[in-house]
Amino acid sequence: MRWLLSLAILTLGAAPAAAQDSAQAQLVFLDVGQGDAVLVRSPEGRTALIDAGPRSIVAQLRELGLDAIDLAIASHPHADHIGGMEHVLRAFPVRYYLDNGATHTTMTYRTLMRRLERSRTTYLRATARTITLGSVTLRILPPPATGTLNERSVGVVVAFGEFNAILTGDSEWDELEHFQLLGVPDVTVLKAAHHGSANGVTPEWLAATKPEVVVISTGRGNGYGHPHPEALSLYLNAATVYRTDVHGTITILASLDGTFRVITAAEEGEAAAPPPHVR
Amino acid sequence: MSADRVYVVDRIEHRQAVLVDDQGATFTVSTKDLPRGVNEGAVLLVKLEAGGNPRWDTARVDQAETARRHAEATDRLERLKKRDPGGDIAL
Chain P
4 MRWLLSLAIL TLGAAPAAAQ DSAQAQLVFL DVGQGDAVLV RSPEGRTALI DAGPRSIVAQ
64 LRELGLDAID LAIASHPHAD HIGGMEHVLR AFPVRYYLDN GATHTTMTYR TLMRRLERSR
124 TTYLRATART ITLGSVTLRI LPPPATGTLN ERSVGVVVAF GEFNAILTGD SEWDELEHFQ
184 LLGVPDVTVL KAAHHGSANG VTPEWLAATK PEVVVISTGR GNGYGHPHPE ALSLYLNAAT
244 VYRTDVHGTI TILASLDGTF RVITAAEEGE AAAPPPHVR
Chain W
1175 MSADRVYVVD RIEHRQAVLV DDQGATFTVS TKDLPRGVNE GAVLLVKLEA GGNPRWDTAR
1235 VDQAETARRH AEATDRLERL KKRDPGGDIA L
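Line by line, the protein sequences are chains P and W.
Under the numbering used here, the letters of the first sequence match residues 4 to 282, in that order.
Under the numbering used here, the letters of the second sequence match residues 1175 to 1265, in that order.
Among the hints, erroneous ones may be present.
Said to hold, decoys possible - Among chain W residues calculated to face chain P with C-beta under 8 angstroms, some are:
(1) V1182
(2) V1194
(3) G1198
(4) G1261
(5) L1265
Stated by the list, open to error - If you want the footprint, here are the derived chain W segments under chain P, 3+ residues with CB under 8 angstroms:
(6) 1204-1217
(7) 1242-1249
To be verified - Some residues of chain P that are not near chain W, with every Cβ distance over 12 angstroms (derived):
(8) H84
(9) A211
(10) T262
Since the hints were derived computationally from the structure, they do not count as laboratory data.
Given the structure is predicted, the values throughout are model-derived calculations rather than measurements.
Just so you know, even glycine gets a beta-carbon here, dropped at the ideal spot from N, CA and C.
Isolated chain W, as found in the complex:
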């Protein structure tokens, strides 16, 4: 069995989840084939078939990695916000 691959739920459109892998490729999967209650932003670990195709029925949420990525993004955003001069801008 191959190692798990990471996919992230980018968005959910009409009961279809749009997943993005870490190389930027997108996959549309029925939410019925994913863990119940999965939300946008969830980092999923998915096993691959021998041919390399993802087996969506094996998907499980990596809670720790999901939280780590959110925390990383929040920290970066807080640093970026310090650049904001505030008020209206004239260009």
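One chain only, chain P, in its complex shape:
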């Protein structure tokens, strides 16, 4: 029922106009400015939200037809990743919530965790576990026990048949190496770690994951220089790059055989896979 509602709203033209069919999984990289928020939706209508941007994304999620969230994941407790999470917990029933188990002292974090404790949501630790959303599986890559909050980001491998995507929050070099030691698959889509920062990518990381598409979630005119030119060069040499600061919200429709389509809000259209190498 939830799936039918979602499809109906998408068909009516809610942005982005991603015509997900009943055999496809969907990854939506929301344009949240300087931050991360990614929605994973299985063909069965199960949903996972990985990070929630710097401020409320409730309106964007409602436009996508959501009325509940099965799993919310906070990669790490920086405000550009959890700033909108408390709003999500207030607006939607959320069955499960997973984070990296690292505490923070900001009011943003404290308000979120108070809300979580008052809710009936089941808290999950970021252990090496698999969470199944219908025919989509999320493999949790546990972060190291120590390090900065960036370096303790939760990693997630999203798998749907032959299609794989990997998202690692704001991981930096040491944590990327840690994930490589845990074992990562070849992926179709890689979310650039740390908004395209130079410390969020290495040639070894790209060789280990072999992405076809890299998505950089970053804000227009951000003051941090994201994406860094060196990082961007590495990504462009390895894959087709999409950026939320250029393309707006980016939707990837994946099929079980590993084929996919990319739809960007900026184009108000779609690029059939394989898309142009450099965008």
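Dock chain W against the given chain P, drawing on the hints supplied.
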């Protein structure tokens, strides 16, 4: 002189500290303008100008409040962890 206002170091990006106040507003400040060695999670007390703008050169770390907030968060997290059924999850 007005009372101190609380700002927390949310993160440090390329020698810039991103501070968050208790209303959720963010401020980007050079780490050179903050106490030496300040880390993410530090709770800062900052004096305000007459117009209400923060005077970052007056920032000092409130060690007690920083520790109190960490302890509060750790206690809450321990309670939340008891909800975890463990193992894989099928939805």
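Chain P contact restraint for L1265(W) - C-beta distance below 8 angstroms: With a minimum Cβ separation of about 5 angstroms from chain P (threshold 8 angstroms), the hint on L1265(W) holds.
Minimum Cβ distance from T262(P) to chain W greater than 12 angstroms, as the annotation requires: Nearest chain W Cβ is 25 angstroms from T262(P), so the label holds.
Hint check, V1182(W) versus chain P [nearest Cβ-Cβ separation less than 8 angstroms]: Given a least distance of 5 angstroms, the restraint on V1182(W) holds.
Let's test the interface hint: is any C-beta of chain P closer than 8 angstroms to that of V1194(W)? At 5 angstroms from the nearest chain P Cβ, V1194(W) passes the 8 angstroms test, so the hint holds.
Report holds or violated for the interface hint on G1198(W), using the least CB-CB distance to chain P and a cut-off of 8 angstroms. holds (6 angstroms)
Coverage of the segment 1242-1249 of chain W by chain P, judged on three or more residues with CB within 8 angstroms: holds (count 5)
Check the non-interface label on A211(P): least C-beta distance to chain W beyond 12 angstroms or not. holds (24 angstroms)
Counting residues of the segment 1204-1217 of chain W with a beta carbon closer than 8 angstroms to any beta carbon of chain P, are there 3 or more? holds (count 4)
Interface exclusion of H84(P) relative to chain W, criterion Cβ beyond 12 angstroms: Non-interface label on H84(P) violated, nearest chain W Cβ at 10 angstroms vs cutoff 12 angstroms.
Taking the closest Cβ pair, is G1261(W) under 8 angstroms from chain P? Where the cut-off is 8 angstroms and the nearest Cβ of chain P is about 6 angstroms from G1261(W), the hint holds.
Against the hints set out earlier in the document, a violation occurs for number 8 only.
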